[in-house]
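Protein chains in written order, with the working numbering: chain Z, 1 to 329; chain R, 1 to 311; chain W, 1 to 343.
Worth flagging that the hints you see were computed from the coordinates, not collected in a lab. Misleading hints may appear alongside valid ones.
[Stated by the list, open to error] Straight-line Cα separation of at most 25 Å, BS3-like style, residue types lysine-lysine; simulated pairs:
id: 1; chain 1: R; residue 1: K158; chain 2: W; residue 2: K114
id: 2; chain 1: Z; residue 1: K90; chain 2: R; residue 2: K3
id: 3; chain 1: Z; residue 1: K89; chain 2: R; residue 2: K3
id: 4; chain 1: R; residue 1: K225; chain 2: Z; residue 2: K72
id: 5; chain 1: R; residue 1: K83; chain 2: R; residue 2: K96
id: 6; chain 1: Z; residue 1: K90; chain 2: R; residue 2: K126
id: 7; chain 1: R; residue 1: K83; chain 2: Z; residue 2: K89
id: 8; chain 1: R; residue 1: K96; chain 2: Z; residue 2: K134
id: 9; chain 1: Z; residue 1: K91; chain 2: R; residue 2: K3
id: 10; chain 1: Z; residue 1: K89; chain 2: R; residue 2: K7
id: 11; chain 1: R; residue 1: K126; chain 2: Z; residue 2: K99
id: 12; chain 1: Z; residue 1: K117; chain 2: Z; residue 2: K20
id: 13; chain 1: Z; residue 1: K99; chain 2: R; residue 2: K217
id: 14; chain 1: R; residue 1: K225; chain 2: Z; residue 2: K81
id: 15; chain 1: Z; residue 1: K140; chain 2: R; residue 2: K217
id: 16; chain 1: Z; residue 1: K91; chain 2: R; residue 2: K126
id: 17; chain 1: R; residue 1: K225; chain 2: Z; residue 2: K87
id: 18; chain 1: Z; residue 1: K87; chain 2: R; residue 2: K214
id: 19; chain 1: Z; residue 1: K117; chain 2: R; residue 2: K225
id: 20; chain 1: Z; residue 1: K117; chain 2: R; residue 2: K126
id: 21; chain 1: W; residue 1: K172; chain 2: R; residue 2: K3
id: 22; chain 1: Z; residue 1: K134; chain 2: R; residue 2: K217
id: 23; chain 1: R; residue 1: K96; chain 2: Z; residue 2: K90
id: 24; chain 1: R; residue 1: K158; chain 2: Z; residue 2: K91
id: 25; chain 1: R; residue 1: K7; chain 2: W; residue 2: K172
id: 26; chain 1: R; residue 1: K214; chain 2: Z; residue 2: K140
id: 27; chain 1: Z; residue 1: K117; chain 2: R; residue 2: K158
id: 28; chain 1: R; residue 1: K225; chain 2: Z; residue 2: K134
id: 29; chain 1: R; residue 1: K83; chain 2: Z; residue 2: K117
None of the values given here were measured: they were computed from a predicted structure.
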Amino acid sequence: MNHDPEKSSGEIVLSVRDLKTYFYLDNTVLKAIDGISFDLRKGQTLCLVGESGCGKSMTALSLLGLVPAPGKVVAGSAIMKGRDILKEKKKNLWQLRGKDIGMIFQEPMTSLNPVLKIGYQISEVYRIHGGLSKDEAREKAIEMLRLVHIPEPEQRYNDYPHQLSGGMRQRVMIAMALACDPEVLICDEPTTALDVTVQAQIMRLIVELQQKMGMSVLLITHDMGVVSEMADEIFVIYAGRVVETSDREGMFLKQYHPYSEALIRSIPVIGDKDKELYSIPGMVVKLTDAVRGCAFCDRCPYAQDRCREEVPELKEVAPGRKVACYRYE
Amino acid sequence: MLKYTLKRLLQALIVLWGVYTLTFIVVNLIPGDVVALMMSRRADQATIERIRHQLGMDLPLYVQYFRYLGNVLQGDFGNSYIKSVPVLSLITNGFKTTARLGLTAYCIAICVGFPVGVFTALNRGKLADRLGIIGIMMLVSVPAFWLAVLLQILFGLKLGWLPISGIEASTWVVLPAMTLAAGYAASMARLTRTNILEAISQDYTRTAYAKGLKDGKVITRHVLKNAAIPTVTLFGLQLPGVLGGAMIIEKIFSLPGIGTVAIDAINNRDFPVLQGTVLYAASLFVLINLAVDLLYALLDPRIRAGVKGDA
Amino acid sequence: MNAFQSIFRRGDGMAAEQAERLAAEQSDRQAAAQNAGEAANKATGSTGANEPCQPETKGPDKSTEGFYRDAFRRLRRNPFAIVAFIIILCLVLAAIFAPLLTPYGYAEQSLKDKWAPCSGTHFFGTDNLGRDIFTRILYGARVSLSVGLIAEMIATTIGVLMGATAGYYGGKIDVIISRIIEVFASFPFMLFAITMTCVLGTGVINCFIAIGLIGWTGMARLIRGEVLRLKNMEFVEAAKANGSSGFRIITKQLVPNCLPTIIVILTMDIPGDILLESTLSFLGLGVQPPTPSWGEMISAAQLYLRQHPGYSIFPGLAIFITILAFNILGDCLRDAMDPKLRR
């Protein structure tokens, strides 16, 4: 897949500004997301990459209003079709979910209801949003199953989730998410729980459907391999903040932020038998009130004093590249 | 499914055999010369020997074991020492009363417990939930026999609305059933609440919301259906407890159920009756548990449909 | 501990099998998810730095100080737990220091004072033989609490041993032990207890034994479930690789990790034991007069129902409050130790 220059200038489908989601725990406030902004354009795939500290997934859940207590979206806007979906009333959110924005989750086994037939779970979407009758919904669901390449969809319709393999379940999730042709598909680590061969199949399926249906994809992952295949734009997230942005090729050619550097370096190269696997020293820091300055500085080989005092801002360092690091100031 | 049924059936039979053995052991551990105790030392040695021989008690223990087993399998639990009637008839007569009391209490418990459980689960954290939990806690902690006495005082003596003993009056079952149901209703409410909350916290509930389903549909279609499976089976497993509890209530309200039969048997040293009663009750429990297990397998598609698993 | 284990044990013995089966199922699923996740990670070459928040393969380390400190902190902050604990403490102190708290003996009769109402000299009044009710309640606490504790110790010991052995060794041993558990659990508690007192005779010690012998099945089932879940974890494999014997593994590794479960179940079973003792005494099969027992006092109250209906109030309240306090404490303990709440 080549980098399509058109995609970076397309119409903006979802515009997120300064999203902040905090968790109010007993003694502390955990800042899962502390000011993330991005623009998702039509037909584009935007990847949010980084280690899991449960920050990236929160972006997706924040957009859909599914942040579990004691978390709360405290600031920010997300403009879609002219409305700020973060300000939407709880009781109206259902119109947006599944219809304008579809989402697939990491664990297809637990994300599907074990006691309901998978076909039914897909039909449901048509019945809520399209008002279709039972039979009409069934027809469309079977069509959808075919679209995601599930063999013998009429028979499979009556299966339960536990009767399907992991890959098939994820296809069912995709079918459910895309049933109503949403503008945006959010994928939260869609392949992490799958076998590696199946991973490739699922990624290819998403790309194929994207080309067919024209939706934008917000892909959340820690897997640089997936990123290298699918991303049009890459946002590197660390501890709830964006630390670097790039297009796909640029990121793999040169990284600006030390964290991105480390991420790329830790991808093992086949053939390098003798080298030790690189892993970033230290652990992800949880963004609680006590942290000042750049969240990465404890693990950063280039840390300066300034890094500990103030949070660096995201600034353009090269055409199409932004980074939040004092090394470039 | 069939394989599972057969397996459970076989297990149940083994357990039944174990129950029989344990009962036999325990009853035969009761110290003292049984016959002499029964006869209250009124008879002389010769009579005692004669009775022993008649009852087959002079045979070695293992012979008695198999003999009794054989009889039981044919429905013969022996005769009561005291009343000279077949034990089985005492049990079945007693069981009518116990069953009526137990099942009534059971139904009340479900009809009260389940809705309360659902309500508190759905209103978690709010005042209604907190009150509900406190109420549940308190009811669960009240000793049934005390509650019985209190209710007897209130409804029987002070208000005079309901009978407090015997089964003559047509409303005899009300007070005992209410007493018995109280604790179980609370316990069932708790079970329901826990299972519903568990289902709500699952990933598939999140998916349901992410699809655009509203609260009502999420709860009824997704949550309840999942929560129902363990709840229904756990309810089923409460039934033996209810029947067991009925036995104590019977004494307080002077009802002629199995409990009274058993307690009288103990006081009178009427061992065949005691043995028969324990055996009967325990076997009943095993069968109920078997039924519940099969019910669970039937309800849960993961067990019912089996795992086919393919790519 | 999953939600299915949050049920009352007395009379619910069989439900624990349900709970344990569901817990085992869940652990299978978790294990499958773990394996899939691990395989994916190894294959794609994701490094430790990029690994997502995975279910720990080492298992929540329940034997660390940190865990208990966290749990204790959560407990301390819970007002219900504090109140319940204070109540239990008062009961224990009252039981221990009974002679100091009252001038009367529990068997001291004073027929001219019978059925005295509550007063300064007789806080709860007197009974049909002129015995001070307050005194009898205090001494009754001794019986109830000691039975609750000791019987529960017996039941716990049997239950943990049986459950852990069944869970760890699996196979035929598991099948046999599970059947034994089912057999014991099938007995209606009452009848079994009553029969046991026939066998053993009445009196306090026999009460301990009888109740202990019945009540272990719930604990056994749940411990078996826990051990099943734990035995596939890395720390057990490590111990095996070190050459530890099965017994060592059970006692040194598995049981300590089950300790939170044990503590919670223990606390939640004690009220059931106390209730059982009261019921036995109520039926005249437990502690024998003149030793006071709350259950026996209520039984006596039944005889005087019409003339002195209030007689049953104090012993009943005593049982109720004791059981309530233990139930609340057990509940709070369970919440405090639930690893899911741990951040």
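Failing hints, ascending?
-> Hints 2, 3, 4, 7, 8, 9, 10, 11, 12, 14, 17, 20, 23, 24, 27 and 29 not satisfied by this model.
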